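Undergrad: Chain by chain, the residues run as shown.
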Amino acid sequence: MSQDAPNGPLLDPEEGTTRRNFLKAAAVTTAGVGAVAASLAPLRELDATFDKEAWLQKHYHELTPAEMDKVLARLEDEAKAEYGVDVTVRDVKPKAKTKYAYALNLGVCVGCRRCAYACEKENNTSRAPGKQYIRVLEMEQGGIDLETANHQYDPETVPQPGKFYMPVQCHQCDKPPCTKVCPVNATWKEPDGIVVVDYNWCIGCRYCEAACPYWARRFNFEKPVLNPADMNTDTAYLSNRPRPVGVMEKCTFCLHRVREGRYPACLEACPTGARAFGNVYDPKSEIRYILENKRVFVLKEDVGTLPNFFYYFDA
Amino acid sequence: MAAELHDYLTFLARSVRRAFQGSWRYYAWMTFLTLVVLVGLNAYARQVVGGLSVTGMSDQVSWGAYIANFTYLVGIAAAAVMLVIPAYIYKNEAVHQVVLLGELLAVAALVMCLLFVTVDLGRPDRFWHMIPLLGRFNWPISMLAWDVIALNGYLVLNAHVAGYLIYTRWKGEKPNPRWYLPFVFLSIGWAVSIHTVTAFLYVGLGGRPFWNSAIVAPRFLASAFAAGPGLIVITLQLVRRLWGFDVRDEALMLLRRIITVAMLINLFLLGAEVFTEFYTDSRHVAAAHYLFFGLGGAGKLVPWIWLAIAMNLVATVLLMSPKTRTLRWLNLACVLAIVGIWVEKGMGLIVPGFVPSPLGEVVEYAPTLNETLVSMGIWAFGALLYTLMLRVAVPVVLGTMRRAAPPVSPPAGETTP
Chain V
199 MSQDAPNGPL LDPEEGTTRR NFLKAAAVTT AGVGAVAASL APLRELDATF
249 DKEAWLQKHY HELTPAEMDK VLARLEDEAK AEYGVDVTVR DVKPKAKTKY
299 AYALNLGVCV GCRRCAYACE KENNTSRAPG KQYIRVLEME QGGIDLETAN
349 HQYDPETVPQ PGKFYMPVQC HQCDKPPCTK VCPVNATWKE PDGIVVVDYN
399 WCIGCRYCEA ACPYWARRFN FEKPVLNPAD MNTDTAYLSN RPRPVGVMEK
449 CTFCLHRVRE GRYPACLEAC PTGARAFGNV YDPKSEIRYI LENKRVFVLK
499 EDVGTLPNFF YYFDA
Chain S
6 MAAELHDYLT FLARSVRRAF QGSWRYYAWM TFLTLVVLVG LNAYARQVVG
56 GLSVTGMSDQ VSWGAYIANF TYLVGIAAAA VMLVIPAYIY KNEAVHQVVL
106 LGELLAVAAL VMCLLFVTVD LGRPDRFWHM IPLLGRFNWP ISMLAWDVIA
156 LNGYLVLNAH VAGYLIYTRW KGEKPNPRWY LPFVFLSIGW AVSIHTVTAF
206 LYVGLGGRPF WNSAIVAPRF LASAFAAGPG LIVITLQLVR RLWGFDVRDE
256 ALMLLRRIIT VAMLINLFLL GAEVFTEFYT DSRHVAAAHY LFFGLGGAGK
306 LVPWIWLAIA MNLVATVLLM SPKTRTLRWL NLACVLAIVG IWVEKGMGLI
356 VPGFVPSPLG EVVEYAPTLN ETLVSMGIWA FGALLYTLML RVAVPVVLGT
406 MRRAAPPVSP PAGETTP
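First to last, the sequence lines map onto chains V and S.
Here the working numbering runs 198 ahead of the position in the first sequence, where the first position is 1.
Here the working numbering runs 5 ahead of the position in the second sequence, where the first position is 1.
Think of the hints as simulated: they come from the structure by calculation, not from any bench.
Quick caveat: nothing in here was measured; it's all calculated off a predicted structure.
It is possible that part of the hints are untrue.
To be verified - These stretches of chain S come out as covered by chain V in the derived footprint (C-beta under 8 Å, 3 or more residues):
id	region
1	40-46
2	49-56
3	99-112
4	123-137
5	146-152
The beta carbon of each residue, even a glycine, is placed where N, CA and C say it ideally should be.
Next up, chain S with everything else stripped away, as it sits in the complex (with noise of 0.2 Å):
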């Protein structure tokens, strides 16, 4: 027990310092990065102290960037089971490989998603009243209770999966099936979950036309696992690149073909989604229409859709031809599936739902300074958790930093071997 523990410790401490090792490329990223999070943390100061009203929200759209980021970050979390299916349902060797990383990456985008929910509240300072037995927890009759079980459940199972490995890895040991196989199966299953009730979040409420819609979960599910697996065919080549991690093309090659699958289902659902609105053409339509043509004189989001369809359908024409076999190609689409379906799914989902206001009002939303640095403020901090992450789980994987100090390197002072 001692040991194990003085084992746990030396990890946690090799890791810190693993943290703050790296070429200026790296120091240079962190402290851009660490910089960003101050100013962000300085904005969200200043928001405590003015209150919500420092945000561009008001009664009317009482919601904005901070609940569409969450939107779109509880999507890339979920993507991390695009992964995690090849991998061990499928036993793709070149997935498996890298699976890990996606792991990782769920657990920065929940990080993520739960500072973006918390910087939206009124009162942070009582968050204990959301503590079940503690406080007063709705469950299971508010959707909203059901979001915090889904997305703490999640962050904990990939935290100990992917924590577990590395750690096990780090010793040298071989990692027990027992303690991990299972919590990887049900997160496969539980990654469907939070998108769902994320979805549900909006689809349950009778008086907003906009969302209360059967697709929304399907659509949200479909344009996760595009974006997130883009986000994630950019991250390995970059670790590839720079820190020279075995990634082969054709774990890269599987992803695409997973996003194009995904950007199509993703854009037919879309399609009827408008149909069903535009044809039917009720008084219910006025939402989508303030989103795709502007109602009123009001359409501050008209050109941000059509900029999201435009590259979402470019993004999948390119996934769909032979030219995205090429890296050059494949990052490009990426790059434009993963900011179409923000825009889409961020602001161009929850925005609407509040315009017109169920009395018919049409007030219009648009992020305030403020409000737009605490969120870059978030991402950043996304950004460096799962950088100093990949800083320790790459030569962990690569076997270059190990418990036993690997012999190549041995204590400085000492003549090679």
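Chain V on its own, in the form it takes in the complex (with noise of 0.2 Å):
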């Protein structure tokens, strides 16, 4: 073949093919072959069977309504594969006219911690290892100085004398460093002010969870462990709906829930009354009358995100 080529033949000459070239070639690239295969023997282990509609799933602005339909449609199907439970997936849209925000009085927070475990029972978090959007800290009276927040409090009782409390969750921010970063559009900002992932869509490069000043952010180590008996069955694509491995999560004020009129888990949790959430363009909502009548604030000003969570001390 080649030895006709009017450049010369495709190898030295002295390097031709030979029966001996040949075999020892065929040798090496036999081994090379079994040795590949063998490195790979762990993907044998691999549950996760190959779903062509899964992996070119579009991302969630461009999907069409008929879309949208099958796509809920095969990830309520997947729920019953993983879990063996009955899970409705809603698609469910931000209200006109509308811009969530939360208040926090942190004069009768107690620190007991109750929206958080709320919270994972709504959003189905993830349990081992417990991945909590929210995140308690106790502080010392005198300033609000993260540096010496204790995360890991656990006393008999709370409150503890000398001591208060300050949950953090996400801030929904009107500009998140978040969606900035993310190279893929996984994130963004929803027109009523909520901050969400398409699960289906990011990547798990965890540059939002480098960039969220809040630490509001979490990440699918591995596949979330939840308790089939224990899960929330109503869910909604952008928020609680079960999760797959490697890619991110956060708090969305449980859109499932704020959107149909409800309130967010955590809200319903606390034993105190310290949260109040509503539509800040509803000036009969009691957010209205906390943000314009109490001396709210936001956690790291400086940062400039401005959050849609605020704090207030009121007794």
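Please dock the two separately framed chains into a single complex, following the hints provided.
TA: Here it is as structure tokens:
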């Protein structure tokens, strides 16, 4: 073949294909393929089967309503196959003329962490290791100093004398640093102010997790561990549906609840009434009253992210 | 066209053939690298099955050894420009002879960079979401999108220039400046951009005071221009000794001067950073405190950063003394700088950005065995790739591998004329 080519043979003449060379090359190739196959052996334990539909699924914003219906049905099937539970997955859209804000009265928060546990249950977050969206900080009276805050406090009773408690969750910023850094637009701010993640579009680079000044984002380092008997089966695409491994997640103000006129789970669980939530465009709402009449402040105002989560002290 | 294609295929076929030929040392080296690559591949397969939980990373420290190595290797890739500038702008003959090796090092380093980013992804199966037009590429807003362009562009530039020069030389033709010089000059600016954009990944985060400093990009460049040329100094001597490549001491001594100046600037910038942090002594010093002295009983990085600083200091003093005009001492200084900077701008830069967390929590990070094996696999793959490229480039430049078989080695079986 190549021996007759105008520019000379493909290989140097003295290196031409002899039976010996051919056998040598074949042996090397066989050994190489075998070695690579052997090193990839752990992949046999991969229980996920390749689903072309899921792999080729488009970005949330590019799905037509018909395509979305198919995706939702597929996600319900996936949840059924994975956990044996009938989960409904809906696409709950934002309401017009609505912007949500949250206010938390640090004067009455006792640090019981019931908000964090209610959130865990409502949002189907992984239990092992626990992925709570709400972190309650125990602080010394006299200042709001995160560097000396106690994250792991565990006394017999709360509140402890001389301490106050500050729950921190996603602040749904108006200038969110997390959405800015995402290389694939897998996270964005919805018209009602809620910052969401498309779990089927996120590539898991964790840049948003590095960017958040409030440590509000969580990554699924492994497949979420959920107890089927304890799962919330009322779920939404952008919030509490069961998450896949390797993607980011975060607090969504329970958008599947609040967009249908209910309160976030953390607010309902609070025994002291420290939490207030509502639509800031509604002049008669409680949140509007608090923002207008209480001396509210935001955490880390200096980072300029314009949070929609406010704190105040009121006895 | 057909003849050109035939030429090119011939070149590729002979390159593959050449890659499998060599002394027992070459075979031993390549076998060793292949084994490490396979062990790394095996560890990565475990990671694909178990998720990133097989690494030491957590929600508190969400980037670790992978991103640390990535950052360092971007610097190694950018450092090729320290050969390109003297060779093409100052027309230094001695450097011009070896500039190809720098460009090939950039190619290998960039491939390693891309691999390190890929293994860090939670969903590597969704890589296509990043492909412009096909997926949704958040450009120009996301710095990571910029970095994808910068790194891939620089890879293409260097692969083209080096590949074109090797190929034309193999054909025995004179390279046409129109086909490579514009790309060489473009690559000079591009080299600065890749490391600047990589620095901006971290610098642009207002919630991470340890990174949120304008000095990071200049520091990245300074340390890159020390570690990269340091690696090139060692490589050049190896190919000179083992494969008889023509490397003049003059080129090595020019690199020595470059490394010295870069080391001095790097130490100066580090000092400026340390002063700003500790003299101000605001709450933002916590991360630097964690790095240099530990924080609340946690201090895994402390011995490493002091070791790195000691290595950098010794390397700088050595480089400034006339001792390093001899290669033995120069090599020692280079190794110290390569390792010292790897610690300083790798783990020493990435991990303290996360400790304490934005809410003040101190959670430490250490790579797991699996994570270390994956990292070693990628380094071995880079070394393998670089060796393979040199295995072809060196004989082509020396003239012993040509399209027309050189007359000194007649076909086997025939009598020597």
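Undergrad: Need the list of violated hint numbers for this structure, in ascending order.
TA: 3
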